[in-house]
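If you're matching them up, the sequences are chains W and D in order. So in my numbering, spot 318 of the first sequence is number 332, and the numbers just go up one at a time. So in my numbering, spot 270 of the second sequence is number 845, and the numbers just go up one at a time.
The hints are simulated quantities; they were obtained by calculation from the structure and are not laboratory data. From the three backbone atoms N, C-alpha and C, an ideal C-beta is built for every residue, glycine too. You may find that some hints are simply not true.
In silico EDC-like links for lysine to aspartate or glutamate, alpha-carbon gap of 20 Å or less [as the list claims (entries may be wrong)]:
(1) W:K159 x W:E229
(2) W:K86 x W:D135
(3) W:K86 x W:E162
(4) W:K161 x W:E272
(5) D:K1013 x W:E17
(6) D:K847 x D:D789
(7) W:K21 x D:D722
(8) W:K102 x W:E319
(9) D:K581 x W:E257
(10) D:K581 x W:E355
(11) D:K604 x D:D789
(12) W:K203 x W:E56
(13) D:K604 x D:D712
(14) W:K86 x W:E132
(15) W:K16 x D:D761
Derived CB-CB ranges, DEER-like [as the list claims (entries may be wrong)]:
(16) D:D835 x W:W30: 22 to 30 Å
(17) D:P1033 x W:M146: 36 to 44 Å
(18) D:C988 x W:A289: 41 to 49 Å
(19) D:V589 x W:P234: 45 to 53 Å
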Amino acid sequence: MKEMHNKAVLQTVFRWFAGAGISVVLVWGITAFWLDSITVYEWNSTLGTFVIAPTQKYVWHSEGWAETQIGKYGINAIDDVTAVSGLKVAIWGDSFVAAFQVPDEDKMAQQVTRIWNESHDNELTAIGIGAMGQSPVDYYFGMPKYKELLGSVVAHFVILTNVSEVLPIPNAKECRFVSEPEYRFIESKWHPRHLKERPAVQAYHMEFLWTLGRELFLEPWRFRVGPVERDNPEDELPYVSTEPMAFLLDKFKKIEKEPIVFIYMPSVPSIENGAIQYDDPDAVHMELFAGECEKRGFSYINLGEKFEDLHRRTGRFPRGFWNWHPFLGHLNAHGHRIVAEAICEYIETYSDALFK
Amino acid sequence: MLFSSKEYIILALVVIAFLRLVRNNRIRKLFLLAVSYYFYAYWDWRFLSLILFSTFVDYFVGQRLKNCENVARRRLFLIMSLVTNLGLLGCFKYFNFFIESMNIALAPLRLNLGTLNIILPIGISFYTFQTLSYTIDVYRRQLEPCDDFWDFALFVSFFPQLVAGPIVRAKVFLPQLDTPRQLSWDRTFLGIRQFVIGLFKKVLVADCLAFYVDNVFANTGAYDCLTTWLVLVTYSLQIYCDFSGYSDMAIGMARIMGFDFPENFRLPYIAKSISDFWRRWHISLSSWLRDYLYISLGGNRRGRLKTYRNLLLTMLLGGLWHGESWTFVFWGGLHGVSLAIAKLVSRENKESGPSGNAARIVTGLSGWIVTMLIVCIGWVFFRSQTFTEAILMLRQMFVPNQGIAWYNPFAICAIVAFAITHAISAMGMQRLLELPVKAWRTPVVLCTMALLTCVFRPAGFHPFIYFQF
């Protein structure tokens, strides 16, 4: 009798272990198809910073559905930027330029290259230099480094999505623009965590284990009783004035002789209370920035009207994806196209000066 | 503390370990009481005082009713309990609602009474109904009063069902405290199974659907007809998975600890009539309303018209129980009217009901379609913040328009999967969906559900919808 009971217990234990094992394999298979790739970083001594490791296919499925080929020096969709000949323009930005949400051929840099070269004899290559969470301060420190790498760049385009990007950030910790005790830029000493583990996770598509681990070990635990005071200083918009904007532009003026063009992509059209809104809530503040750009000889392009025009003509939005949100989030292929056309238009207008 | 949080899982493991190690029933119960108070204080310790106050008053009333034979005095004690519990509920939940309604009425006189900044204590609607059921049952002599104060305190605050039900009645729960609960492995398995299924429904289905539903409802009027219909069906699924998921987790957790809670949902979306729907949806509330409100009003014993009036009143108050808004009252009223009409129709059908299989299938199908239409339209009012929003939503649904098309693929997949599982159950083949203890597929399915839930859990804080009630 006891023997039979022991056998039943053993069977149950085995069944659960086997079941758990099979379920891990199942989840592995499912998540390999659905989850976004983990980012693998490597140290780049030429740039003196960590970049996304080249030759990996970076998969993004949570917003849009695309694969990105990472090239050398962490540049998306170009195998080796040092091998690119001819005229070059650099496009600087955050995740909007990294553009993991759209396929390589739809990214703004690749669209600039294509649009330009289809109708011009002088070959031009646009290079998108962007990483998630970056800001103009990162571009400021990055420009001299990439200049050595890329050689001649005829113009730089800096993509901005909101006014806070050109203002000091309170409680700055990393590569940021601070205002206390005085305006200054601080270069990042950022070091990605778990450098050794990331390649294996990516190679074997084990992002699900990574997600579980992050949930368990990185998210804070709380066992004390409530109420909990919630404060989120990052949500606060810093005080808007022209002083820091002027400081930022002066810093750029000192490091770069080639033209720097600021391209602003407002979050319009948007929908509020059920109605389409074409008015940009940041417009007043960005006008201040545009004024400072003009005073210092920087070009400034506001894409608000072009975004509005796209929606009025076609009913399409420059942002949003079928599997995410129809009008919010990152730029979709239409949005990238508008940015690319604006860049080409600028190059066309100033081609004499740029290609001299 | 959310059932879907990692802190709760740790708490649950500690509780299970303690109950396995300690056999003394008294110590077990005191431990469960302490854990229950901690569970509530995790949200806000200050509101423990309300639970304690409610507990003291109802315990006192129960004790007084025990030996009191005087009808007037008995009624006085009952009123004392009702005034205390409903008074607390009224102050914390409905004060601003009534003041705002008064302000609207007084607006022509240019009078404004202002409002107060009151925090709604979590779960107050649930534990108030629970304690009321005790006092009313004792008053009606359907239940012996509880002599042990700590047992009664545990009944009021037992953590698995404290904040969002199911509303467990004293006559179901208190007898289970008399003897040490049996913690067999089979029970533990059944509890874990139900908990995991609930977790999956709440986190993977309801929380992921919330993104779609919230965004569309935030901009009612911007989306096209098909999107609006899709989001309404999605919301129907979201609220079902959210609430039944919570109930499953509560019942599962209680089962692991050796307690039996009644079922709270029984496939409500396969109901063929509105009264059938209410026998399947939030059963603990609908049966509470029936036993303590509808029957108290006279039920169906005083003629047809009064039966309809009682139904309507019960559902109106049931609607108000859900929240301090006229849209909830309207939602309750819609269901009340539908129940009255259904009662009238079924009375006539009894006299000339359908005969033959084909007729029965057609009747069943048309009944299901009408029921779902009423339920879905009801959800429009339930989910909308204002009547303007609800009417706009209905206009988008029924008037073809050129709004934005947004057919969320996850929502479509979830609806299809849900429809298939319900169809299987409706056709009497639910054995296909069952996960028996000894089946080989059971550990695979449960572990996969748990893992997928952890991996695809949406970021951010997602409280249960019914927490606000």
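Hints, one by one, checked against the model:
no., hint, in the structure
1, W:K159 x W:E229, "violated (36 Å)"
2, W:K86 x W:D135, "violated (27 Å)"
3, W:K86 x W:E162, "holds (15 Å)"
4, W:K161 x W:E272, "holds (11 Å)"
5, D:K1013 x W:E17, "holds (18 Å)"
6, D:K847 x D:D789, "violated (29 Å)"
7, W:K21 x D:D722, "violated (46 Å)"
8, W:K102 x W:E319, "violated (27 Å)"
9, D:K581 x W:E257, "violated (46 Å)"
10, D:K581 x W:E355, "violated (49 Å)"
11, D:K604 x D:D789, "violated (41 Å)"
12, W:K203 x W:E56, "holds (14 Å)"
13, D:K604 x D:D712, "violated (23 Å)"
14, W:K86 x W:E132, "violated (26 Å)"
15, W:K16 x D:D761, "holds (18 Å)"
16, D:D835 x W:W30: 22 to 30 Å, "holds (24 Å)"
17, D:P1033 x W:M146: 36 to 44 Å, "violated (19 Å)"
18, D:C988 x W:A289: 41 to 49 Å, "violated (30 Å)"
19, D:V589 x W:P234: 45 to 53 Å, "violated (19 Å)"
This entry does not satisfy hints 1, 2, 6, 7, 8, 9, 10, 11, 13, 14, 17, 18 and 19, going by the numbered hints stated previously.
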